[in-house]
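Taking the hints into account, I'd like the entire structure generated from these sequences.
Protein chains: 4
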Amino acid sequence: MESELLKRFDSLLERKHYSSRSEAIRDLIRRDLVSEEWTDPDADVIGTITIVYEHHEHELASALADLQHRHHSQVVCSTHVHLDEHNCLEVIIVRGASQRVRSISDSLIATKGVKHGGLVCSTTGRDVM
Amino acid sequence: MESELLKRFDSLLERKHYSSRSEAIRDLIRRDLVSEEWTDPDADVIGTITIVYEHHEHELASALADLQHRHHSQVVCSTHVHLDEHNCLEVIIVRGASQRVRSISDSLIATKGVKHGGLVCSTTGRDVM
Amino acid sequence: MESELLKRFDSLLERKHYSSRSEAIRDLIRRDLVSEEWTDPDADVIGTITIVYEHHEHELASALADLQHRHHSQVVCSTHVHLDEHNCLEVIIVRGASQRVRSISDSLIATKGVKHGGLVCSTTGRDVM
Amino acid sequence: MESELLKRFDSLLERKHYSSRSEAIRDLIRRDLVSEEWTDPDADVIGTITIVYEHHEHELASALADLQHRHHSQVVCSTHVHLDEHNCLEVIIVRGASQRVRSISDSLIATKGVKHGGLVCSTTGRDVM
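Protein chains in written order, with my numbering: chain A, 5 to 133; chain B, 5 to 133; chain C, 5 to 133; chain D, 5 to 133.
Keep in mind that the hints were calculated from the coordinates and are not lab data. Errors might be hidden in some of the hints.
Given that identical chains are not distinguished, each listed pair holds provided it fits within a single copy or across any two copies.
EDC-like cross-link-like pairs, simulated, lysine to aspartate or glutamate; straight-line CA separation at most 16 Å [to be verified]:
| no. | residue 1 | residue 2 |
| --- | --- | --- |
| 1 | K116 | E61 |
| 2 | K116 | D31 |
| 3 | K116 | E58 |
| 4 | K20 | E58 |
Here you go:
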């Protein structure tokens with residue numbers, strides 16, 4: 005590898021608290037395998053969906069709960085943190101076919117009133133050594 | 005101790021998977037100390053509140069969310085499990101003065117529409133060796 | 005009912021924030037039905053197990069994690085709150101045959117080093133109107 | 005805007021279940037504001053960290069627990085899902101100065117043995133309308 009690229013990679017690893025270059029490269033490879041898993045629409049994956057919204061908007065809270073219940077066999081659990089009197093953060097853990105998980109995530113984040121959302125596409129771990 | 009009492013205690017410990025009598029007695033003493041903590045209305049305690057309700061009753065879900073937000077500095081987080089298309093289990097972890105925690109628990113469980121509820125009065129661990 | 009009993013019941017309901025006597029009686033009946041569910045060892049139930057322990061005792065943390073993994077098809081999820089530098093509160097939601105759920109709870113609470121534990125015997129909600 | 009760009013944007017919104025273009029644009033703007041919040045190292049933010057690892061590696065589990073306890077005033081709670089007999093998914097919700105939250109996330113993900121990890125940089129909601 006070019007020494008310039010390696011130098012920049014090493015300084016990134018230091019900032020990211022990696023103890024060795026090989027551990028960091030292993031992580032990059034695993035991340036690549038996890039992304040690959042998600043390209044197969046039927047692969048069994050697990051995703052962490054984070055949304056932030058105002059709980060006062062009751063129709064929104066109901067819509068979010070209805071959506072989760074409609075997919076109750078995919079939704080493992082959700083954790084709710086009351087940020088202040090108005091705002092909530094909700095983390096929903098969803099397991100199932102990657103296409104389904106992504107669709108649930110998209111629907112939750114696109115719901116009118118959700119201020120912010122994000123998905124971590126993760127893995128059930130079996131196919132990633 | 006009377007041997008009859010000990011015999012019954014030992015058979016209980018076996019059913020409860022205790023490995024020794026002394027560990028079981030230590031647990032009884034700790035449980036007593038935790039109960040004691042809760043009798044002081046200002047003691048800093050932590051409680052686990054479990055409620056089961058139907059999420060379709062939107063007013064109920066809103067009432068429960070409002071109540072938790074009103075006490076957002078006591079409510080650490082809540083975990084929601086979607087039992088089926090209709091029913092939810094919600095576990096709310098609440099930390100604060102024992103009087104306040106018990107009052108939040110009573111209010112949540114007494115909310116019209118909550119099918120079942122229970123509180124585990126626990127401890128922040130500092131005063132229980 | 006005797007008026008003395010009713011008077012004491014009403015003052016309890018006020019303390020517990022119930023809005024009406026009928027709501028409180030409905031709750032008592034439901035609680036009785038939930039207890040009944042738990043007497044059938046094969047009934048599908050859900051329980052909330054709370055334990056407090058010191059995370060520094062690594063063998064304890066490992067034992068608790070192993071125990072939960074051995075029963076991973078019953079354990080829905082667990083929520084962990086870091087109380088301070090030493091103490092943890094862990095809430096484990098377990099679903100399955102009542103006998104199995106109670107046995108998992110007993111084993112977790114009896115594990116050497118667990119300072120305090122409690123179980124809320126709850127319901128999946130279907131059989132409780 | 006160029007019609008070609010709009011056409012591609014509209015087809016993306018359809019795939020992502022957005023009901024209107026304005027809701028989608030509002031979300032883009034909010035996402036931009038959230039990213040902006042995270043560029044200020046002292047801003048009060050909230051992040052959702054997801055990690056997957058094998059619970060059998062007891063030293064790893066201990067290292068992860070120690071790390072979270074060392075930052076217990078930032079770690080709100082963590083949710084643990086037992087994926088199978090070997091693998092765990094853990095979701096850690098962390099609140100604090102953005103620099104601190106990112107550093108905790110980097111350290112958790114870089115820990116030797118963690119198979120996969122991801123961070124959703126979210127917001128406490130106050131500064132995002």
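Practice item. Measure nothing new, just compare the shortest in-copy and cross-copy C-alpha distances for K116 and E58 to 16 Å and report within, between, both or neither. Key: Classified as within; 11 Å inside a copy, 23 Å across copies.
Exercise for review: Go through the copies and call it for K20 and E58: within, between, both or neither, with a Cα cutoff of 16 Å.
Suggested key: neither (33 Å within a copy, 21 Å between copies)
Point to revise | Alpha-carbon proximity between K116 and E61, which holds within one copy, between copies, both or neither at 16 Å | key: This pair counts as within: shortest intra-copy Cα distance 10 Å, inter-copy 21 Å.
Review point. When no copy is specified for K116 and D31, does a C-alpha distance of 16 Å or less occur within a copy, between copies, both, or neither?
Key: between (36 Å within a copy, 9 Å between copies)
Consistency note: the structure conflicts with earlier hint 4 alone.
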